[in-house]
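Visitor: Given next are the chains, with one letter for each unit.
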Amino acid sequence: MSRGSNAGFDRHITIFSPEGRLYQVEYAFKAISQSGLTSIGVRGSDSVVVVTQKKVPDKLLDSSTVTNMFHLTPRIGCVMTGHNADSRSQVHRARVEAGEWKYKFGYDITADVLCRRLADISQVYTQNAEMRPLGCCMILVAMDPQHGPVLYKCDPAGYYCGFRATAVGAKQTEANSYLEKKLKKKPELSHDRAVQMAISCLASVLSMDFKASELEIGVVTKDKPKFRTLSEAEIEVHLVAIAERE
Amino acid sequence: MSSIGTGYDLSASTFSPDGRVFQVEYAMKAVENSSTAIGIRCKDGIVFGVEKLVLSKLYEEGSNKRIFNIDRHVGMAVAGLLADARSLAEVAREEASNFRSNYGHDIPLKHLSDRVAMYVHAYTLYSAVRPFGCSFILGSYDKDDGAQLYMVDPSGISYGYWGCAIGKAKQAAKTEIEKLQVRRLYSRQKQKLKLIYIVHDEVKDKAFELELSWVGDVTNGRHELVPKDVKEEAEKYAKVRLYETECSEFYNSCETAGPPASMLGVRSVLQVVCGKRCCRRSTWTCFLFQDSLEEEDDSDEDNM
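Residue numbers (full-length UniProt numbering), protein chains in the order written: chain L, 1 to 246; chain R, 1 to 304.
These are calculated hints, taken from the structure and not from any lab test.
Glycine included, every Cβ here is placed at the ideal spot set by N, Cα and C.
Take these hints with a grain of salt, some might be off.
What the hints assert, rightly or not - For the chain R half of the interface with chain L, some residues (derived, Cβ under 7 Å), not all of them:
(1) P17
(2) S155
(3) I157
(4) W162
(5) P227
Stated by the list, open to error - Below, computed lysine-lysine pairings styled on BS3-like, alpha-carbon distance capped at 30 Å:
(6) R:K43 - L:K59
(7) L:K182 - L:K211
(8) R:K43 - L:K211
(9) L:K54 - R:K29
(10) R:K57 - L:K59
(11) L:K59 - R:K110
(12) R:K170 - L:K54
(13) R:K174 - L:K211
(14) L:K54 - R:K174
(15) R:K65 - R:K174
(16) R:K231 - L:K59
(17) R:K110 - L:K102
(18) L:K226 - R:K110
(19) L:K59 - R:K170
(20) R:K231 - R:K43
(21) R:K236 - R:K43
(22) L:K224 - R:K43
(23) L:K224 - L:K186
Stated by the list, open to error - Chain L residues, not near chain R, derived (Cβ > 12 Å throughout):
(24) K30
(25) K104
(26) G106
(27) Y107
(28) D108
(29) G158
(30) G162
(31) T173
(32) N176
(33) K182
(34) L183
(35) E188
(36) S200
(37) D209
In isolation and in its complexed conformation, chain L is listed as follows (with noise of 0.2 Å):
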């Protein structure tokens, strides 16, 4: 592999390096798991879950500022996962975006054409040698008016692709190996199902026993069709029922 005929910037910028990879764009997967947290989504027959960790660091830190799951429209929520300052500009971008849409065209816009757009948007970032694509990976879940539960992810490649399940972050290849066993015979997934199977997922896959102040979990369901974070009693419930099954 002779790197004499180039400067050897491939690793500096996104260009092409003579094996034909963007070394920038690999190195923003890397920033992902950087983060040290890891987040599952799970769509089931009738509702989607998506579960983070919460690690609040610091004693002093007010902990309801702390959180990774955003609203971008009243039906479409998400996960961020990756760098924190990068998730945060996407999220609005997304907002941006999707207020945009609904002002342009006059209805909400959907999950898929709001996670098409953010990755076509970051797709951009990794052909321009003058900006660094955004080290954060979002996991977009809606109930869709045709389709029903949806699922999607968005990478900062720029590919973005719909879940039955998906995993992000740190122990992303253990979860999905995990989440691709248990849904191999394509169960039907209730909303407690799906729930528990991505808490105990997450569970499995961190070697840990959670309580309730250390997840976050959010649900889009079909008689609660707007996106919403469950509080700590409610995660405690399913916590119980885990442990109950076991």
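Starting from the known structure of chain L, arrange chain R on it as the hints suggest.
Guide: Below, chain R alone, put in the same frame as chain L:
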């Protein structure tokens, strides 16, 4: 994984192989080189304290402020590169002013800190600019939301805090703040002002000026500098308590380590016990203890 800084740290638009943006981390180091700033959120308001190191005797007291007024009800204490901080204060003021002209009332602090944080974050994305080398603490008080305190750092992240510290002595300051259990305090309580004094003293440099400001019920929701008489009262109280703490620490150390055999020993014990205190303070306390130690000196001579 070793952090390969060289080569990947030249611009904010480059990730390193392990996924870090070094320029942003270096900007945070610039903040750690500056003197300390503290913000504390209590039930009825916020108190800011900034330690300004006096570099020259020609320095005019009260100039070179590090606490800014952003609109009537919001205060901002900064640490890091002051020039960057001043331009960010301008940005914050514009945001607050635009909000007021659009919506007709005071800007909520969360909104302001989100907007300024995003501005700071934008400078961490491009190679043509460098990240801001300053962190700042924003605080405000209003009747509906109560007291709020947010900190923004060079990476563009902002969180709400009960108490926070930025700059050189931030670790020591945070420990002290945690001890205080700030949630239960009221603005006027002296313990808090004393804490600022203690923490500001934990540096090697000899001379500093303390800038204090507050916003809360006592000021009717306006951000103001703490009036001179309150400040002096607090400083006196703080010095007394500080002396008492040092005495008790010294006694404790004597009990465990045995009395020092000479003046030099006393000085060094004090320095160990009190961390990096300024020499002036150590000599002062030494002087007071000399009498009580002289008897013990004789008994130790044989052992030496």
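Visitor: Does each hint fit the structure? Answer for all of them.
Guide: Here is what the structure says about each hint:
1. P17: 6 Å, holds
2. S155: 5 Å, holds
3. I157: 5 Å, holds
4. W162: This hint holds: W162 (chain R) lies near chain L, its Cβ roughly 5 Å from the closest one there, short of 7 Å.
5. P227: 27 Å, violated
6. R:K43 - L:K59: With Cα atoms ~17 Å apart, K43 (chain R) and K59 (chain L) stay inside 30 Å; holds.
7. L:K182 - L:K211: At roughly 23 Å apart (the allowed maximum being 30 Å), K211 (chain L) and K182 (chain L) satisfy the hint.
8. R:K43 - L:K211: 28 Å, holds
9. L:K54 - R:K29: 26 Å, holds
10. R:K57 - L:K59: 39 Å, violated
11. L:K59 - R:K110: 20 Å, holds
12. R:K170 - L:K54: Holds, at roughly 24 Å.
13. R:K174 - L:K211: 26 Å, holds
14. L:K54 - R:K174: At roughly 21 Å apart (the allowed maximum being 30 Å), K174 (chain R) and K54 (chain L) satisfy the hint.
15. R:K65 - R:K174: 23 Å, holds
16. R:K231 - L:K59: 28 Å, holds
17. R:K110 - L:K102: 25 Å, holds
18. L:K226 - R:K110: 24 Å, holds
19. L:K59 - R:K170: 14 Å, holds
20. R:K231 - R:K43: With a Cα-Cα distance of about 20 Å, the restraint between K231 (chain R) and K43 (chain R) holds, given a limit of 30 Å.
21. R:K236 - R:K43: 24 Å, holds
22. L:K224 - R:K43: Violated, at roughly 37 Å.
23. L:K224 - L:K186: This hinted pair holds, its Cα atoms lying about 24 Å apart.
24. K30: 3 Å, violated
25. K104: The claim holds: K104 (chain L) sits with its nearest Cβ about 22 Å from chain R, beyond 12 Å.
26. G106: 24 Å, holds
27. Y107: 26 Å, holds
28. D108: 23 Å, holds
29. G158: 15 Å, holds
30. G162: G162 (chain L) is indeed farther than 12 Å from all Cβ atoms of chain R, at 26 Å.
31. T173: About 16 Å separates T173 (chain L) from the closest Cβ of chain R, which puts it past 12 Å; holds.
32. N176: 19 Å, holds
33. K182: 29 Å, holds
34. L183: About 29 Å separates L183 (chain L) from the closest Cβ of chain R, which puts it past 12 Å; holds.
35. E188: 38 Å, holds
36. S200: 28 Å, holds
37. D209: 27 Å, holds
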